[in-house]
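Top line first, the protein sequences correspond to chains A and B.
When you read off a place in the first sequence, starting at 1, and then add 12, the result is the number in the numbering used here.
When you read off a place in the second sequence, starting at 1, and then add 38, the result is the number in the numbering used here.
Hints were generated in silico from the structure; no laboratory data involved.
These numbers were taken from a predicted model, which means no experiment stands behind them.
Please note that a few of the clues may not be correct.
[Stated by the list, open to error] Just a sample of chain B residues kept apart from chain A, beta carbon distances all over 10 Å, derived:
(1) 81
(2) 190
(3) 296
[Stated by the list, open to error] Cross-link-like lysine-lysine pairs, in silico, DSS-like; alpha carbons within 30 Å at most:
(4) 275(A) with 278(B)
(5) 258(B) with 237(B)
(6) 260(B) with 63(B)
(7) 260(B) with 427(B)
(8) 260(B) with 275(A)
(9) 237(B) with 104(B)
(10) 275(A) with 237(B)
(11) 275(A) with 63(B)
(12) 275(A) with 427(B)
(13) 275(A) with 254(B)
(14) 427(B) with 82(A)
(15) 63(B) with 258(B)
(16) 430(B) with 258(B)
(17) 104(B) with 260(B)
(18) 104(B) with 275(A)
(19) 104(B) with 261(B)
(20) 244(A) with 174(A)
The beta-carbon is built from N, C-alpha and C at its ideal position, and this holds for glycine as well.
If you want the building blocks of each chain, they are given just below.
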Amino acid sequence: MKKPELIVSYPPHWHCGASIPSAMHGFLLALTPAALFGLHLYGMAAARVLAVSIVSCVVFEAAIQWRFKKPITVTDGSAVLTGLLLGLILPPSAPFWLVMVGSFMAILVGKHVYGGLGSNPFNAVLVGWAILKISWKARMDFNVAFVTVAPDAQYPLGVLWKQGAGAVREFGLFDLFVGREIGGIGCTSALLLGLGGLFLILRGLISWRIPVSFLVGVAVMAWVFRAADSAKYASPPFHLLAGNTMIGAFFLATDYASSPVSKRGMMIFGLGCGVLTVLLRVWSAYPDGTFFAILLMNMASALLDMTRAKPKTRPAVVT
Amino acid sequence: MQAVSFFNLWTPRVPLNTDIVPIEKLAAPTSVRLFTHQDDAHLSVRDAVRTGERLAADLVSPVTGKIASVEPFRDGDGGEMRSVVIDVAEKEEMVDGLQPVPDIADVERADLLSALSDLGFDVPGDEDIDLAVLSCLDLDPVETINQQTFREDPEAVCGAVALLQAVTGAARTAMVVTEALLRHARKHVPEGTELVALKAVYPNGLPPVLLSRLPKRLGKIKKGFVIGAERLLAMAAALKSGKPRQDKGLTLYVPAMGLCKNLTARIGTPIAHVLNAFDITLGPNAKLLLGGAMRGRPCYATDFAVAPDTNSIYVQDESRVVQYESNPCLNCGKCSAVCPMGLQVNLICRYAEYGLFEECRALRVEDCIDCGLCAYSCMARRPLIHYIKLAKARAAEAPEPEEVAT
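With these hints in hand, go ahead and build the complete structure from the sequences.
Structure follows, in structure tokens:
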């Protein structure tokens, strides 16, 4: 009898079935409602921005991996996700070259200079966004950018920043909740982003800790300001629903590589993001500080993982 | 089994099999293969061996017969052993001097331990065990032998707690069952023994995890002893009859054939004999695993044999074989979240990958119990247990770091 050929390998011999592509597809699926809503609101303008950002991210990733002589892994979906997220936080009026510069910076400076997927200390999407935000202020300013798309609309956080809490009464909380406001293509609908985030949590792709502590941080800090001067500062629900809070809490702060992994670290990270978001909205030179808050907390994430509690002394085991 | 639902929250759960699988007796083979880790055993071919004869410090013969071969043997991890093949004689002959111990009540612990050692059970003689636990949970998700042993004779299993107490000298005893078995256990559990139900989820059956999941009412445990129902019952039976340990209960799991059986097999039964008994053919590139899906040791050939610690034989066909590759880590943190020992697996494995074994030791890599949940959950499919084993081996080789004076 011929001896059977057997495979010998280390345990475990089972796997839960998760993979990088399936995780990335999960994120893409979770973002789809928000993206479709953006397309519904802004039509071809939004479609153009999303298409350019996704395609250019994929092309830049392949080109950079080829240039760096690394295995080309664009099929794993991570570049598509980077492109989609970048497109969703840009205004629909962004010109194609702006989107391409953002994509290039996100993929190169955000991701590949550190060694590629999983090695980026900062959220790659936000690195690309921050470079655009600082370099082309006017094109990234929602009030300016929307002049051609929706001339009458005002960016809620812009109004709050310029005119104080009294002026934002005109924005109904329900409008903000469903997304009847101007803003990034996919950032406006708290409802759809929240549903996407819930899907990610149930699917096991993100832990609830970062988004929940993020939102708690925003609410608590907004409440503190509100309690100090209710005429000047906006209410917690306004801060939770307006601007980039939801996409930041569920999709950007939860980026694997740039966020902590320990339970305590995740909670502190999320709280820090939330608190900084409101502080930056109140005191910084920009109407919305969500993304800068996340980038700032990214710097602390390695440190936060060191705050992990020491392992307990366990009983000695005899068998 | 191993059906993962689409929605499974942050940390995947690996349920234990709680099916009722009756225990069958497997016909004894005509030759057995036994293993010893001792080099100095003087064994030569054609020596006659009687049942209960001590062949090496770690080996008592379960059969009567003649030694057919003594040769070096490598286990699936590459470790070296010696194998002793014995052709079984038709008539069984007991070695002289084995006495049954029908009543353990008035036997000293030292005498009990030496009697058990003669019968083929090596129980450590630690002095300061403060809690002895009888576990009816299985060690691996493919195994049901401990649960079934309890199901088939709950009275005998519960009765064996007295033996557990006598063997360990522990002040307190506890009995751990799955939630489904709790109702049966209540009826039979002896007075003074704490009864605890744990969820039938891997790795609750692994002794270090089991001890850490016990409820607070059991108090602080410095040193705990954990034994499975199958082994404890075999001990009790051996003491009662004065016959050495001959059989081992195990689960045979061949999902490709829809086969899941609990067996009592003679110790030393070659795996090929077990496979033939159920007409199991191994396809190309299958895996033959002793000890289950999560921690099982792989066999490279079917002439491995049932050892006293073989709790299951699992045949995994090629289509279910998982490939782990050295992909980059995404830092998603699931490995650390699932780790029952609370280790920072993401950091340990990245350090190990780049040869920073000192850092691995600082993160207490030696606490790892090889449960395999980290690699099971890793979405990049990194060979995390492989990295950890490397780190453990290298950390053990390196000299202890000097204490820094403060």
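Going down the list of hints, with the structure as the test:
1. 81: The assertion about residue 81(B) holds, with a minimum of 26 Å to chain A.
2. 190: Residue 190(B) is indeed farther than 10 Å from all Cβ atoms of chain A, at 23 Å.
3. 296: holds (18 Å)
4. 275(A) with 278(B): Violated, at about 51 Å.
5. 258(B) with 237(B): holds (21 Å)
6. 260(B) with 63(B): The given pair, whose Cα atoms are some 39 Å apart, is violated under the 30 Å limit.
7. 260(B) with 427(B): holds (26 Å)
8. 260(B) with 275(A): At roughly 27 Å apart (the allowed maximum being 30 Å), residue 275(A) and residue 260(B) satisfy the hint.
9. 237(B) with 104(B): violated (47 Å)
10. 275(A) with 237(B): OK: residue 275(A) and residue 237(B) at ~23 Å, within 30 Å.
11. 275(A) with 63(B): violated (48 Å)
12. 275(A) with 427(B): Holds. Residue 275(A) to residue 427(B) sits at ~25 Å (cutoff 30 Å).
13. 275(A) with 254(B): The hint holds at about 23 Å.
14. 427(B) with 82(A): With Cα atoms ~28 Å apart, residue 427(B) and residue 82(A) stay inside 30 Å; holds.
15. 63(B) with 258(B): violated (41 Å)
16. 430(B) with 258(B): Since the Cα atoms of residue 430(B) and residue 258(B) sit roughly 28 Å apart, the hinted pair holds (cutoff 30 Å).
17. 104(B) with 260(B): violated (46 Å)
18. 104(B) with 275(A): violated (60 Å)
19. 104(B) with 261(B): violated (42 Å)
20. 244(A) with 174(A): Cα-Cα ~11 Å, so holds.
In summary, the numbered hints that this structure violates are 4, 6, 9, 11, 15, 17, 18, 19.
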